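There are 2 protein chains.
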Amino acid sequence: MPRGLLIVVSGPSGVGKNTIISNLFTCLSDLKYSVSATTREPRPNEIDGQNYFFLTEAEFTKRIADNAFLEWAKVYQHYYGTPRSYVEKMLSNGVDLALDIDVQGAAQIKKALPEAILIFLSPPSLCELKQRLIGRKTELESEIELRLQYIETEFQAVPLYDYFIINREIDLTCRQIECIIQAERIKVSRQETNFLAKILRAE
Amino acid sequence: MPRGLLIVVSGPSGVGKNTIISNLFTCLSDLKYSVSATTREPRPNEIDGQNYFFLTEAEFTKRIADNAFLEWAKVYQHYYGTPRSYVEKMLSNGVDLALDIDVQGAAQIKKALPEAILIFLSPPSLCELKQRLIGRKTELESEIELRLQYIETEFQAVPLYDYFIINREIDLTCRQIECIIQAERIKVSRQETNFLAKILRAE
Numbered sequence: 001m002p003r004g005l006l007i008v009v010s011g012p013s014g015v016g017k018n019t020i021i022s023n024l025f026t027c028l029s030d031l032k033y034s035v036s037a038t039t040r041e042p043r044p045n046e047i048d049g050q051n052y053f054f055l056t057e058a059e060f061t062k063r064i065a066d067n068a069f070l071e072w073a074k075v076y077q078h079y080y081g082t083p084r085s086y087v088e089k090m091l092s093n094g095v096d097l098a099l100d101i102d103v104q105g106a107a108q109i110k111k112a113l114p115e116a117i118l119i120f121l122s123p124p125s126l127c128e129l130k131q132r133l134i135g136r137k138t139e140l141e142s143e144i145e146l147r148l149q150y151i152e153t154e155f156q157a158v159p160l161y162d163y164f165i166i167n168r169e170i171d172l173t174c175r176q177i178e179c180i181i182q183a184e185r186i187k188v189s190r191q192e193t194n195f196l197a198k199i200l201r202a203e
Numbered sequence: 204m205p206r207g208l209l210i211v212v213s214g215p216s217g218v219g220k221n222t223i224i225s226n227l228f229t230c231l232s233d234l235k236y237s238v239s240a241t242t243r244e245p246r247p248n249e250i251d252g253q254n255y256f257f258l259t260e261a262e263f264t265k266r267i268a269d270n271a272f273l274e275w276a277k278v279y280q281h282y283y284g285t286p287r288s289y290v291e292k293m294l295s296n297g298v299d300l301a302l303d304i305d306v307q308g309a310a311q312i313k314k315a316l317p318e319a320i321l322i323f324l325s326p327p328s329l330c331e332l333k334q335r336l337i338g339r340k341t342e343l344e345s346e347i348e349l350r351l352q353y354i355e356t357e358f359q360a361v362p363l364y365d366y367f368i369i370n371r372e373i374d375l376t377c378r379q380i381e382c383i384i385q386a387e388r389i390k391v392s393r394q395e396t397n398f399l400a401k402i403l404r405a406e
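Chains A and B, in that order, are what the protein sequence lines are. Residues 1 to 203, numbered by this note's numbering, are exactly what the first sequence covers, in order. Residues 204 to 406, numbered by this note's numbering, are exactly what the second sequence covers, in order.
Hints are computed from structural coordinates only; laboratory data are not their basis. Any given hint might turn out to be false.
[What the hints assert, rightly or not] Once the Cα atoms are required to be at most 27 angstroms apart in a straight line, the calculated DSS-like pairs of lysine-lysine come out as:
{"hint": "1", "chain 1": "A", "residue 1": "198", "chain 2": "B", "residue 2": "220"}
{"hint": "2", "chain 1": "A", "residue 1": "110", "chain 2": "B", "residue 2": "333"}
{"hint": "3", "chain 1": "A", "residue 1": "110", "chain 2": "B", "residue 2": "235"}
{"hint": "4", "chain 1": "A", "residue 1": "187", "chain 2": "B", "residue 2": "277"}
{"hint": "5", "chain 1": "A", "residue 1": "198", "chain 2": "B", "residue 2": "333"}
{"hint": "6", "chain 1": "A", "residue 1": "89", "chain 2": "A", "residue 2": "62"}
{"hint": "7", "chain 1": "B", "residue 1": "401", "chain 2": "A", "residue 2": "17"}
{"hint": "8", "chain 1": "A", "residue 1": "111", "chain 2": "B", "residue 2": "390"}
{"hint": "9", "chain 1": "B", "residue 1": "277", "chain 2": "A", "residue 2": "110"}
{"hint": "10", "chain 1": "B", "residue 1": "220", "chain 2": "A", "residue 2": "187"}
{"hint": "11", "chain 1": "B", "residue 1": "401", "chain 2": "B", "residue 2": "277"}
{"hint": "12", "chain 1": "A", "residue 1": "32", "chain 2": "A", "residue 2": "17"}
{"hint": "13", "chain 1": "B", "residue 1": "390", "chain 2": "A", "residue 2": "130"}
{"hint": "14", "chain 1": "A", "residue 1": "187", "chain 2": "B", "residue 2": "390"}
{"hint": "15", "chain 1": "A", "residue 1": "17", "chain 2": "B", "residue 2": "390"}
{"hint": "16", "chain 1": "A", "residue 1": "32", "chain 2": "B", "residue 2": "390"}
{"hint": "17", "chain 1": "B", "residue 1": "265", "chain 2": "B", "residue 2": "220"}
{"hint": "18", "chain 1": "B", "residue 1": "314", "chain 2": "A", "residue 2": "130"}
{"hint": "19", "chain 1": "B", "residue 1": "333", "chain 2": "A", "residue 2": "187"}
{"hint": "20", "chain 1": "B", "residue 1": "313", "chain 2": "A", "residue 2": "198"}
{"hint": "21", "chain 1": "B", "residue 1": "235", "chain 2": "A", "residue 2": "187"}
For clarity, every value in this text was computed on a predicted model and none was experimentally measured.
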């Protein structure tokens, strides 16, 4: 069975990552959302192992020490991380995983697992991004300014990424990501090396 | 304007390269067939610069000495080659070029132009390839045997290639190559490096 792909999607807040990833899950039934570990409390409807792996802080920090995360970060008072063994098991079983993560996390993942496919989603323009952030009415004006200031840092990380997509239209971006997945699957570097044996076996 | 892509397609005789490439030209109107240079005589309906660049042997060997070919080969008494300046001009003008070439030629091209995208087309099985060769009735049995013996050499070159496609069904293979082209176009390594400037300019 061919090994699964780990698809990492990053991009500035407001670029439309969530919409794109939700659409991908609809189109690509084989793609699964990678489950993260966290120390925050489960919300009433959340299931352990499905929404998150819920860990105590002691468990989490022990696993950091054991190098058990492909990446981790502390956001305010809680830890979040991508469990290495879980990802490895899914990929070995041929499952494609998608992960929505910031540029620091993506850089950690690429270092830990160079086979990961890093996709950076860009807005068509800063102006349009600002309009989207204002339009969704979830942030205060001061927060929007902070997010826009962070963009320069995010764009400095683009050279670490494999693909750069300007998200002009959701359907087009989803088709481009589907193409990335199709193309990556047939890369020589991702296939078993004895190509001749493959067609001899098929005889 | 984004630079064009050079798509190099190889594969054993009988794998269906010509059919695939013809289909690609129908689907992808931006894709052009790369025009080769040759010393053979033009056939009545052939146009210089469209079917081939027709050169004298003296011109051809001078250009070999001038390193003016991305690859060249002598097949029986005639020379064939891919003119470097022609390919460079087309790619600079944003034209995608396709080229059907054997594994030696593809290796020369990858060395001369590492940005070239090498695609190896494989038959589903040796048995099926033999059936196709027999079915097309263009080769004698002894020639078919020679072609089948050459397959081992061809497959040894696969690690040089970027993509390995098992050509099970023409439409599927064409869609895979379309995806490769789509995905390669949005690779970070093929885009201008100042990503932030791009979206700032768009403002």
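- request: Hint by hint, work out which the structure violates, then give me just those numbers in ascending order.
  value: Of the numbered hints, 2, 3, 4, 9, 11, 17, 18 do not hold.
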